[in-house]
Amino acid sequence: SQQGEEDPQALSIQEGENATMNCSYKTSINNLQWYRQNSGRGLVHLILIRSNEREKHSGRLRVTLDTSKKSSSLLITASRAADTASYFCATVYGGSQGNLIFGKGTKLSVKP
Amino acid sequence: EAGVVQSPRYKIIEKKQPVAFWCNPISGHNTLYWYRQNLGQGPELLIRYENEEAVDDSQLPKDRFSAERLKGVDSTLKIQPAELGDSAVYLCASSTGQYWTEAFFGQGTRLTVV
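Keeping their order, the protein sequence lines are chains A and B. All letters in the first sequence, in the order written, are residues 1 to 112 by this note's numbering. All letters in the second sequence, in the order written, are residues 1001 to 1114 by this note's numbering.
Only chain A is shown next, with the shape it has when bound in the complex:
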């Protein structure tokens, strides 16, 4: 079963624009992670935010977490064509004792 649900399923923007993806989850979590997957490749970890954190930055990435709403958002600023990929949120929830559960992903297309 999948814990998280990303929104939107697909997003198409122009280079230089910002991209925002959202993730909702079902049960209480220990942490939430975002991964990127280029077509035909493995997943690459982008950023991790713990349940007691509200916002985190890494380069052009900004992640927020609202545990009261069970939701997170990933913002990519000043997007580049190379950011074209699928983005997944993944949660480690308390009851799983370490299972990393992925959502269905958002497919981002950045047009040059």
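Each hint should be verified, as a subset may be incorrect.
Claimed, not checked - Not the full set, but computed from the structure, chain A residues with beta-carbon under 7 Å of chain B:
id	residue
1	Gly42
2	Leu43
3	Arg80
4	Thr84
5	Phe88
6	Asn99
7	Leu100
8	Phe102
9	Gly103
10	Gly105
To be verified - Straight-line C-alpha distance at most 20 Å; calculated SDA-like pairs for lysine to any residue:
id	chain 1	residue 1	chain 2	residue 2
11	A	Lys104	B	Val1114
12	A	Lys69	A	Asn31
13	A	Lys107	B	Ala1088
14	A	Lys56	B	Thr1101
15	B	Lys1015	B	Gly1085
16	A	Lys107	A	Ile13
17	A	Lys104	B	Lys1015
18	A	Lys104	B	Arg1110
19	A	Lys107	A	Asn38
20	A	Lys26	A	Gly59
21	A	Lys104	B	Ala1088
22	A	Lys104	B	Leu1046
23	A	Lys70	A	Asn22
24	A	Lys26	A	Ser71
25	A	Lys104	B	Gln1107
26	B	Lys1062	B	Ser1087
27	B	Lys1011	A	Lys56
28	B	Lys1011	B	Thr1101
29	A	Lys70	A	Asn18
30	A	Lys104	B	Ser1087
31	A	Lys107	B	Gln1037
32	A	Lys56	A	Asp66
As the list claims (entries may be wrong) - Simulated coverage check for chain B against chain A, where a stretch passes if three residues somewhere in it have a Cβ under 8 Å from a Cβ of chain A:
id	segment
33	1079-1088
34	1102-1109
Treat the hints as calculated values from the structure; they're not laboratory data. Quick reminder that beta carbons are idealized off the backbone N, C-alpha and C, glycines included.
Got chain A; can you put chain B on it based on the hints?
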């Protein structure tokens, strides 16, 4: 340092045949995951190991799937017999075993059952 290594990268088999996938995690990583990813979907967890122990195999279809992790290092995932619906990418990932850290993924094995 080498990343997570999976083999083979691609496999095409006929239905009802057996197939095996191999994974070599990053050295020192105690936690190993196997995921299945269907086209356009997110990875679905099949099994998680902590060292050599399968601590969660609740999503592994045990009638045809089996996995092992001998000596807590390399792991193999087997399907016997394969069905058409098993066509997917099988991903292996490893982590240090502390659940606040990231997982590192291999390139995956793309299985096509015909």
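Hint check results:
Taking 7 Å as the C-beta cut-off, the interface hint given for glycine 42 of chain A holds, the closest approach to chain B being about 4 Å. At about 4 Å, the closest approach between the beta carbon of leucine 43 of chain A and any beta carbon in chain B falls short of 7 Å, and the interface hint on this residue holds. A distance limit of 7 Å between C-beta atoms decides the matter here; for arginine 80 of chain A the minimum to chain B is near 22 Å, and the interface restraint is violated. The closest approach between the C-beta of threonine 84 of chain A and any C-beta of chain B is roughly 15 Å, which is over the 7 Å cut-off, so the hint fails.
Hint on phenylalanine 88 of chain A holds. Least Cβ distance to chain B is approximately 5 Å, under the 7 Å limit. For the restraint placing asparagine 99 of chain A at the interface with chain B, the shortest Cβ-Cβ distance is roughly 6 Å, inside the 7 Å limit, so the hint holds. Evaluation of the leucine 100 of chain A hint against chain B yields a held restraint, the C-beta minimum of about 6 Å falling below 7 Å. Because the closest C-beta pair between phenylalanine 102 of chain A and chain B is about 4 Å apart, less than 7 Å, the hint holds.
The interface hint given for glycine 103 of chain A holds, since its Cβ lies 5 Å from the closest Cβ of chain B, which is under the 7 Å cut-off. Contact between glycine 105 of chain A and chain B, as hinted, is supported at the beta carbon level, the nearest pair being about 5 Å apart and thus within 7 Å. A C-alpha spacing of about 26 Å is found between lysine 104 of chain A and valine 1114 of chain B, which places the hinted pair above 20 Å, so the restraint is violated. For the hint linking lysine 69 of chain A to asparagine 31 of chain A, the alpha-carbon distance of about 15 Å falls within 20 Å, and the restraint holds.
Pair hint lysine 107 of chain A plus alanine 1088 of chain B holds up; C-alpha atoms about 18 Å apart against a cutoff of 20 Å. With a C-alpha separation of about 15 Å, the suggested pair lysine 56 of chain A and threonine 1101 of chain B falls inside the 20 Å cut-off, and the hint holds. Between lysine 1015 of chain B and glycine 1085 of chain B the CA atoms are separated by roughly 9 Å; this keeps the pair inside 20 Å, and the hint holds. Taking the CA atoms of lysine 107 of chain A and isoleucine 13 of chain A, the gap is near 11 Å; set against the 20 Å cutoff, the hint holds.
Annotation: proposed proximity of lysine 104 of chain A to lysine 1015 of chain B is violated, straight-line Cα distance about 27 Å (limit 20 Å). A distance of roughly 18 Å separates the Cα atoms of lysine 104 of chain A and arginine 1110 of chain B; the hinted pair therefore holds under the 20 Å criterion. Proposed proximity of lysine 107 of chain A and asparagine 38 of chain A is supported: the alpha carbons are some 10 Å apart, at most 20 Å. Distance check on the hinted pair: lysine 26 of chain A and glycine 59 of chain A sit about 29 Å apart at the alpha-carbon level, beyond 20 Å; violated.
For the hint linking lysine 104 of chain A to alanine 1088 of chain B, the alpha-carbon distance of about 15 Å falls within 20 Å, and the restraint holds. For the given pair, lysine 104 of chain A sits about 16 Å from leucine 1046 of chain B by alpha-carbon distance, which is consistent with the 20 Å threshold. Restraint check for lysine 70 of chain A and asparagine 22 of chain A: the C-alpha separation of about 11 Å stays at or below 20 Å, so the hint holds. With a CA separation close to 9 Å, the supplied pair lysine 26 of chain A and serine 71 of chain A stays within the 20 Å bound.
The straight-line distance between the Cα atoms of lysine 104 of chain A and glutamine 1107 of chain B is roughly 19 Å, inside the 20 Å bound, and the hint therefore holds. For the given pair, lysine 1062 of chain B sits about 17 Å from serine 1087 of chain B by alpha-carbon distance, which is consistent with the 20 Å threshold. Of the pairs offered as hints, the one joining lysine 1011 of chain B and lysine 56 of chain A is violated, with about 40 Å between alpha carbons and a cut-off of 20 Å exceeded. Under the criterion of a C-alpha separation no larger than 20 Å, the hint pairing lysine 1011 of chain B with threonine 1101 of chain B is inconsistent with the structure, at around 31 Å.
With a C-alpha separation of about 23 Å, the suggested pair lysine 70 of chain A and asparagine 18 of chain A falls outside the 20 Å cut-off, and the hint is violated. A distance of roughly 18 Å separates the Cα atoms of lysine 104 of chain A and serine 1087 of chain B; the hinted pair therefore holds under the 20 Å criterion. At most 20 Å may separate the alpha-carbon atoms for a hinted pair to count; lysine 107 of chain A and glutamine 1037 of chain B meet this at roughly 15 Å. The suggested pairing of lysine 56 of chain A with aspartate 66 of chain A holds, with an alpha-carbon distance near 12 Å, which does not exceed 20 Å.
Coverage of a stretch by a chain is defined here by at least three residues with a beta carbon nearer than 8 Å to that chain's beta carbons; for the segment 1079-1088 of chain B and chain A the count is 0, and the condition is violated. For the segment 1102-1109 of chain B, the proposed coverage by chain A is satisfied: 7 residues have a C-beta within less than 8 Å of a C-beta in that chain, meeting the threshold of three.
The structure fails to meet hints 3, 4, 11, 17, 20, 27, 28, 29, 33 from the earlier list, while all remaining hints are met.
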